[in-house]
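> Spelled out from the first residue to the last, the chains are:
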Amino acid sequence: MKHTLTPQRYLVLLAIMVTVSFGDTLLSHGMSQVGPVSIHHLGLLLTALKNPWVIGGIVLLIGFFSSYLSALSWADLTFVLPSTAFSYVIIALLSRFWLHETISVSRWLGIVSIVCGVGFVANGPSLTEHPVPPKAILTAKEQA
Amino acid sequence: MTMTLSSHLLPSASLETWSLITAVAATAVAGDVLTAGAMRRIGDLDDIRAHSGLLGAIKAVVTSPMFLLGVATMALSFFTLLFTLSIVDVSLATPASAAMTFIGNAFAAKFFLHENVDRRRWFAAIFVCLGVFLLAH
Chain A
1 MKHTLTPQRY
11 LVLLAIMVTV
21 SFGDTLLSHG
31 MSQVGPVSIH
41 HLGLLLTALK
51 NPWVIGGIVL
61 LIGFFSSYLS
71 ALSWADLTFV
81 LPSTAFSYVI
91 IALLSRFWLH
101 ETISVSRWLG
111 IVSIVCGVGF
121 VANGPSLTEH
131 PVPPKAILTA
141 KEQA
Chain B
1 MTMTLSSHLL
11 PSASLETWSL
21 ITAVAATAVA
31 GDVLTAGAMR
41 RIGDLDDIRA
51 HSGLLGAIKA
61 VVTSPMFLLG
71 VATMALSFFT
81 LLFTLSIVDV
91 SLATPASAAM
101 TFIGNAFAAK
111 FFLHENVDRR
121 RWFAAIFVCL
131 GVFLLAH
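Protein chains in written order, with the working numbering: chain A, 1 to 144; chain B, 1 to 137.
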């Protein structure tokens with residue numbers, strides 16, 4: 001049986017990509033406002049927790065982890081990881097258009113490569129079907 | 001002579017650099033595989049939520065020793081990355097460890113989780129790994 005995903009489960013994969021990319025970008029923006037944290041000034045990390053961008057980033061990353069765990073409960077790790085790698089592309093585009101960073105030729109090539117990688121798994125089965133071991137079948141027949 | 005040759009071949013890296021990057025990737029792979037294995041043992045979270053509600057699903061996850069070990073390993077990977085970043089340039093350490101993690105996860109999922117890592121999934125892992133590396137340069 002080929003395991004394909006319901007539209008609702010595709011939405012969970014989409015939620016993983018969106019929450020991790022926006023979460024990381026918000027954290028990055030917030031931490032750039034807080035300034036560099038050194039080992040001698042760890043108290044600054046507590047100050048960072050008062051920054052609204054950092055709080056928003058943490059909330060989104062909690063959302064990411066819940067969706068990620070949910071996806072791992074019904075799909076293979078080798079399906080979830082590449083199919084959600086599109087978040088790297090979203091982060092690159094956010095850094096280009098929101099944080100106004102430059103995207104070099106090699107970065108564009110990286111984006112194309114990730115899109116190709118996602119394309120390889122997108123239409124494949126999401127879960128490995130393990131055959132029932134012969135011993136289990138024999139035990140079931142004996143019980144019958 | 002050896003130092004000169006290795007620095008010529010790998011201008012920005014040394015044995016220590018690659019050992020640290022490998023340690024980051026290895027702990028990340030262990031964390032991912034333990035977490036994925038725990039979620040497979042726990043079962044479909046949508047079904048658990050339908051039977052026992054959201055709190056029941058959260059309880060099933062946070063009381064799994066394998067899941068807790070996975071999270072602890074992920075935390076170890078994070079601190080290893082922080083330590084690595086104090087020695088190795090971020091432009092090398094982050095993409096190299098992320099790329100290694102992608103390939104390592106494909107191997108570990110095949111051998112420990114018995115996932116069917118077919119040609120299509122290998123290609124996906126390789127393309128994403130290459131893409132992550134290119135994105136950081």
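Derived by calculation from the structure, the hints in this document are not laboratory data. Even for Gly, the Cβ is constructed at its ideal location relative to N, Cα and C. One should not assume that every hint holds.
What the hints assert, rightly or not - These stretches of chain A come out as covered by chain B in the derived footprint (C-beta under 8 Å, 3 or more residues):
{"no.": "1", "stretch": "44–52"}
{"no.": "2", "stretch": "55–64"}
As the list claims (entries may be wrong) - Pairwise CB distance ranges (calculated):
{"no.": "3", "chain 1": "B", "residue 1": "Ala75", "chain 2": "A", "residue 2": "Gly35", "range": "19 to 29 Å"}
{"no.": "4", "chain 1": "A", "residue 1": "Ser104", "chain 2": "B", "residue 2": "Phe123", "range": "20 to 30 Å"}
{"no.": "5", "chain 1": "A", "residue 1": "Ile62", "chain 2": "B", "residue 2": "Arg41", "range": "18 to 28 Å"}
{"no.": "6", "chain 1": "B", "residue 1": "Asp47", "chain 2": "A", "residue 2": "Val112", "range": "30 to 40 Å"}
{"no.": "7", "chain 1": "B", "residue 1": "His51", "chain 2": "A", "residue 2": "Arg96", "range": "37 to 47 Å"}
{"no.": "8", "chain 1": "A", "residue 1": "Tyr10", "chain 2": "B", "residue 2": "Ser14", "range": "38 to 48 Å"}
> Tell me, which hint numbers fail for this structure?
Those not satisfied are hints 1 and 2.
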